[in-house]
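Undergrad: Using this note's numbering, read the sequence shown as starting at 1 and increasing by one per residue.
Derived from the structure by calculation, the hints contain no laboratory data. C-beta: ideal position from N, C-alpha, C; glycine also. Where hints are given, some of them may not hold.
[Unchecked claim] Distance condition first, Cα-Cα at most 27 Å in a straight line; then the derived BS3-like pairs of lysine-lysine:
| hint | residue 1 | residue 2 |
| --- | --- | --- |
| 1 | Lys81 | Lys40 |
| 2 | Lys40 | Lys74 |
| 3 | Lys37 | Lys74 |
| 4 | Lys37 | Lys81 |
[Unchecked claim] Beta-carbon label-pair distances, calculated as ranges:
| hint | residue 1 | residue 2 | range |
| --- | --- | --- | --- |
| 5 | Gly78 | Met42 | 11 to 21 Å |
| 6 | Ile59 | Tyr25 | 18 to 28 Å |
| 7 | Pro70 | Lys37 | 11 to 21 Å |
| 8 | Ile49 | Arg18 | 35 to 45 Å |
| 9 | Lys74 | Val20 | 18 to 28 Å |
| 10 | Ile79 | Ile59 | 37 to 47 Å |
| 11 | Gln64 | Lys37 | 30 to 40 Å |
| 12 | Ser26 | Glu52 | 28 to 38 Å |
| 13 | Lys15 | His68 | 34 to 44 Å |
| 14 | His68 | Pro31 | 32 to 42 Å |
| 15 | Ile49 | Asn16 | 41 to 51 Å |
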Amino acid sequence: MDNASWHKRGKLSWKNIRPVYLPSYSPTLNPIERLWKVLKDMMPVFNEISNEDELQEIIINNLQTFFHNPNLVKSICGISK
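Construct the entire structure; sequences and hints are all you get.
TA: Below, the structure is given as structure tokens:
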């Protein structure tokens with residue numbers, strides 16, 4: 001798990017689990033960070049979005065690209081199987 005402050009707050013309950021935190025600023029150890037970067041790069045500049053509904057539609061369409069292409073997700077995250 002990354003070292004984000006919200007992961008370390010007392011709100012998370014760990015029963016019989018000891019979380020292992022990744023070093024700060026180590027996206028190479030957390031493959032999902034690569035996917036978030038690609039998703040972020042797919043987004044238009046915020047001043048080009050006219051309202052919240054449009055933003056939601058853009059996000060859903062971009063996420064569906066990943067949902068319908070699991071091999072793309074594996075490739076982005078560096079998973080070979």
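Undergrad: Against each hint, give a clear statement of whether it holds in the structure.
TA: Cross-check of the supplied hints:
1. Lys81 x Lys40: holds (25 Å)
2. Lys40 x Lys74: holds (17 Å)
3. Lys37 x Lys74: holds (14 Å)
4. Lys37 x Lys81: Status holds; Cα separation ~22 Å.
5. Gly78 x Met42: 11 to 21 Å: holds (19 Å)
6. Ile59 x Tyr25: 18 to 28 Å: Given range 18 to 28 Å: holds, Cβ gap about 25 Å.
7. Pro70 x Lys37: 11 to 21 Å: Since the Cβ atoms of Pro70 and Lys37 sit about 18 Å apart, the hinted range of 11 to 21 Å holds.
8. Ile49 x Arg18: 35 to 45 Å: Given a distance of about 41 Å, which is inside 35 to 45 Å, the answer is holds.
9. Lys74 x Val20: 18 to 28 Å: Holds - the Cβ-Cβ distance for Lys74 and Val20, about 23 Å, lies within 18 to 28 Å.
10. Ile79 x Ile59: 37 to 47 Å: violated (23 Å)
11. Gln64 x Lys37: 30 to 40 Å: Violated: the Cβ-Cβ distance is about 18 Å, outside 30 to 40 Å.
12. Ser26 x Glu52: 28 to 38 Å: holds (33 Å)
13. Lys15 x His68: 34 to 44 Å: Given a distance of about 36 Å, which is inside 34 to 44 Å, the answer is holds.
14. His68 x Pro31: 32 to 42 Å: Violated: the Cβ-Cβ distance is about 20 Å, outside 32 to 42 Å.
15. Ile49 x Asn16: 41 to 51 Å: Between Ile49 and Asn16, where Cβ atoms are some 44 Å apart, the hint holds.
The structure is inconsistent with the numbered hints 10, 11, 14, although it conforms to all the rest.
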